[in-house]
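Colleague: Now for the letters of each chain:
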Amino acid sequence: MVNTADVKPKTRQMSNLIYKYMRPEHLPHIWCPGCGNGIIMRDVAQAIENLGLSRNNTIIVSGIGCSSRAAGYLDFNTIHTTHGRAIAFATGIKLANPTLEVIVIAGDGDISAIGGNHLIHAARRNIGITVIVMNNNIYGMTGGQYSPTTPKGALGTTAPYGNLDRPFDIAGLAYGAGASFAARGSAFHVQQTINIIQEGIRHKGFSLIDVASVCPTYYGRKNKKGSAVDMLKWQRDNMIPAEKAATMDPVDLRGKLVVGILHQTQYKEFTYAYEQLIKRLYEEREANE
Amino acid sequence: MKDTRTLIINSAWCKGCGICAAFCPKEALEVVDDKVRRKEGTDCVLCGMCELRCPDYAIYIDEKDDEEAKNQWVMSY
Numbered sequence: 001m002v003n004t005a006d007v008k009p010k011t012r013q014m015s016n017l018i019y020k021y022m023r024p025e026h027l028p029h030i031w032c033p034g035c036g037n038g039i040i041m042r043d044v045a046q047a048i049e050n051l052g053l054s055r056n057n058t059i060i061v062s063g064i065g066c067s068s069r070a071a072g073y074l075d076f077n078t079i080h081t082t083h084g085r086a087i088a089f090a091t092g093i094k095l096a097n098p099t100l101e102v103i104v105i106a107g108d109g110d111i112s113a114i115g116g117n118h119l120i121h122a123a124r125r126n127i128g129i130t131v132i133v134m135n136n137n138i139y140g141m142t143g144g145q146y147s148p149t150t151p152k153g154a155l156g157t158t159a160p161y162g163n164l165d166r167p168f169d170i171a172g173l174a175y176g177a178g179a180s181f182a183a184r185g186s187a188f189h190v191q192q193t194i195n196i197i198q199e200g201i202r203h204k205g206f207s208l209i210d211v212a213s214v215c216p217t218y219y220g221r222k223n224k225k226g227s228a229v230d231m232l233k234w235q236r237d238n239m240i241p242a243e244k245a246a247t248m249d250p251v252d253l254r255g256k257l258v259v260g261i262l263h264q265t266q267y268k269e270f271t272y273a274y275e276q277l278i279k280r281l282y283e284e285r286e287a288n289e
Numbered sequence: 001m002k003d004t005r006t007l008i009i010n011s012a013w014c015k016g017c018g019i020c021a022a023f024c025p026k027e028a029l030e031v032v033d034d035k036v037r038r039k040e041g042t043d044c045v046l047c048g049m050c051e052l053r054c055p056d057y058a059i060y061i062d063e064k065d066d067e068e069a070k071n072q073w074v075m076s077y
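Here the protein sequences come in this chain order: A and B. So the first sequence is residues 1 to 289, counted in the numbering used here. So the second sequence is residues 1 to 77, counted in the numbering used here.
Don't read these hints as lab results, they were simulated from the structure. Be aware that a few hints might be false.
[Unchecked claim] Short, incomplete list of chain A residues facing chain B, as computed with Cβ under 7 Å:
(1) 13
(2) 14
(3) 24
(4) 28
(5) 30
(6) 33
(7) 38
Virtual Cβ for every residue (Gly too), placed ideally from N, Cα, C.
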């Protein structure tokens, strides 16, 4: 295996974290000025650094979209897969070698529209992968079409008079489908998001972290949300910690987003159950011989 | 003890979104011609808020006596 640390440029103008976990030859990234994806990608690198995961034992899987370019920038064993199928590939990798730490980075459209089926079934199976959703409420790469998380009434290039559909709550969807860990972070709440991603990676079982990103170029401009700074300030003023939200009246939570670990339960992880099954069948066969 | 760290701005990577300047608690940064720079007459307390939220990793805090940073200067000429 080629260790890319050997071929990285010796001279640099970047922090130690970026030098260690990203591919400097591909930076600066192609994301727009003020795009929240860059902040979230750094959160992922910081969480991995804090946990002390080995670069060789960590796999980053991504699909298609703005957010999925993260697999090209992060310096791990990475795989950039087809649209919506990141979880399907990740399931295969995890089953082939359960000791690997598999992290899926995907966008909201990739994970909940094109790959919605894979999401609910991986959650139902409770397979031990971590899914980090960079949720920018729109299809950014293809020009601002409305996605399953575009709020009702919001504008997109395919919804010039306002979106008629109600948005998906991806964390709630995953929990409803059986995920044992569902959480929400945001581009603004950096420290909390790093902690949540750490918890998610450490959690045995399917963990989904829905991270609210910002898309100033399409979502922000179409909906007059202002600049990236204004959108981050909106997140600061309208996101409520999960502990506080638990004590609040649901009416007051309307239009707000709850940030933190929303649901966490424990039940048998899929690769563990699969190994147990194989072991049992071997034992039964030996007993019969 | 003297702080050996300093604020470094990599203008080549800066896209001028202004997030670091907006969330700097000491208001010590400004964006001029789509690039961020230190505002004159202000104090930087090296809190690192800009580094946490910079989407382009163009601003960060590092040790002053960084051998590699010196090499960068030599190599670029």
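Colleague: Now look at each hint and say whether the structure bears it out.
Modeller: Each hint tested on the structure:
1. 13: 4 Å, holds
2. 14: Check passed: Cβ of residue 14 of chain A comes within 6 Å of chain B, closer than 7 Å.
3. 24: 10 Å, violated
4. 28: Holds - the Cβ of residue 28 of chain A comes within 7 Å of chain B, reaching about 4 Å at its closest.
5. 30: 11 Å, violated
6. 33: 4 Å, holds
7. 38: Where the cut-off is 7 Å and the nearest Cβ of chain B is about 3 Å from residue 38 of chain A, the hint holds.
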